[in-house]
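A.B. asks: For the record, the sequence lines run as chains A and B.
Our numbering runs 708 ahead of the 1-based position in the first sequence.
Our numbering runs 24 ahead of the 1-based position in the second sequence.
Source of the hints: derived by calculation from the structure; they are not laboratory data.
Errors might be hidden in some of the hints.
Unchecked claim - Think about it this way: if two alpha-carbon atoms lie no more than 25 Å apart in a straight line, the pair counts; the simulated DMTMM-like pairs of lysine to aspartate or glutamate are: (1) B:Lys124 / A:Asp945; (2) A:Lys1069 / A:Glu711; (3) B:Lys119 / A:Glu934; (4) B:Lys119 / A:Asp950; (5) B:Lys119 / A:Glu711; (6) B:Lys119 / A:Asp945; (7) A:Lys855 / A:Glu711; (8) B:Lys119 / A:Asp944; (9) B:Lys124 / A:Glu934; (10) B:Lys124 / A:Asp944.
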Amino acid sequence: MTEVHQFLSTFAGRDAIGMHTIQLRALLREAGFVSDIYALDTHDDVRHDAYAAATFRNRVPADRDAWILYHFSIGSSLLDTVRALDVPLALDYHNITDARFFWRWEPRAAARMLEGRRQLAEIAPSVRFALADSPFNEQELVELGCKRTAVAPILVDFAHYDSTPDATLLARRRRAREGGGTDWLAVGRIAPNKCQHDIVLAFAAYRRIHDPRARLTLIGGQSAGEYWRSLHRLADDLGIADAVTFTDVVSHAELVACFRTADVYLCLSEHEGFNVPVLEAMHFDVPVVAYAAAAVPDTVGDGGLLLTDKDPLVVASAVERLRSDPSLRTRLVDAGRRRVEHFSIARTGPQMIESLTTLMKESS
Amino acid sequence: MPALASYAVVNDRVPDPLPHDDVRAEIEAAARETAARADFPSAYMAQVRNEGERFTLRTADTDDIRAAVALLEEQTNVHALAPVDSRNRGVSTAKLVVRKAVFFAANHLAEQMRALGWAAASVGEAAAERIEQLEARVRELEARVASLDDRGGPSATTSEGSSES
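Next up, chain A with everything else stripped away, as it sits in the complex (with noise of 0.2 Å):
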């Protein structure tokens, strides 16, 4: 029997790689593959899903049909350890974040960026194939000499976003939202080249000359200490630090509590491989305004407002034309819907297990 095994640097449950490797593997277990996870460091929430790359070889011989489906997204030591298995190879590749968004933030996230890069670079002539989430991501892939490539966006389980908000977060915003004010929501690491402060910037806009009562939640963890500290020095110097709650890491139940109460999604992030949460904001029938850069209008489509000039006085703009026109936002929410049935697992899953197994016979 043939076996698919996937190999990941970290393997965390609530990213949106770790969500997709999950599964991935279920996928493939019901399509009559064996299939497990192997990862270098392991999240604590998925401790029991994973192995330690490091004792592949003793769960799966070398006599065995095996194949390995790396997923990419930084360097890491674990793709030369995977090299030296000597076991068909493929990519599964998430996009690498451009260093240039950190080399003055975090130089030390950027060199591992630059390395990611490098380790690409060097391997994607010489692998099986590789599969992409998004076109920009199978574009890159191409331009490094990949011989062959397939398109197979992230898996996503939206009905896992069905489930009970957290009472007391959503108790809360909802008598926040009694008051009046535009609630606009991003989800998303803190990072540079996810652009938050273009959000803040174009959030003060808002406030000031539309509606001094909105409020913006910016949910996720920090990946750049600096940047997070200067996100939170740019409110205060615009005078809104009041209106804008920074929640760090939330748990499932607040990250539906936040979408259930928001207005308006928000996403001016510079590059991106695919970009799950403006999925989620659709899934919940937030309308997504979207600056189109990157993998972002792959993932978008017509589901949300693109824009193609991310001045605060213009997002300021788009985000108070939703508000006073309903019958624009309710065809943007139409919209929204149609486009996360694009990428129901329903739709998606057979393609990628589709994909997979052609492109697997062709590479035997």
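Given chain A's structure and the hints, the job is docking chain B onto it.
C.D. replies: Okay, now just chain B, sitting in the frame of chain A:
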């Protein structure tokens, strides 16, 4: 009566697709109109854009020496007052007490760091100036070499040389 397939095609069509380009153009026009209003908060928006520039410096190309120098200047604004925020009110109070107790020393260090920062920035400024002059000179020489090549190689060089003398 149309075939079943035709119904399927009709049903698959996106109902009333949103004219995204038109909406985007209307939003940008609305932004321009807002900026032209008499009550537009020009001073505040200037501050917003100015604050935004600080972030842009950090994501400039890594070989952008002017951006690097500007960032260095920006960073010379060393704050002697450490943040005292904490989820725990007691911890916040304790931090405030410590901050007050060591302020004279922290401020003394901060003053020297600011001076060092400005000195480093002035070195960077001078280096950037000289590098840009050298780059301009190299470009000029490259253009001259290219022009000589176009004229036919070594014999043209001789001709160019004689015309200059």
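A.B. asks: State for each hint whether it applies.
C.D. replies: Status of each hint after checking the structure:
no. : hint                 : verdict
1   : B:Lys124 / A:Asp945  : 22 Å, holds
2   : A:Lys1069 / A:Glu711 : 13 Å, holds
3   : B:Lys119 / A:Glu934  : 20 Å, holds
4   : B:Lys119 / A:Asp950  : 21 Å, holds
5   : B:Lys119 / A:Glu711  : 56 Å, violated
6   : B:Lys119 / A:Asp945  : 22 Å, holds
7   : A:Lys855 / A:Glu711  : 23 Å, holds
8   : B:Lys119 / A:Asp944  : 19 Å, holds
9   : B:Lys124 / A:Glu934  : 24 Å, holds
10  : B:Lys124 / A:Asp944  : 21 Å, holds
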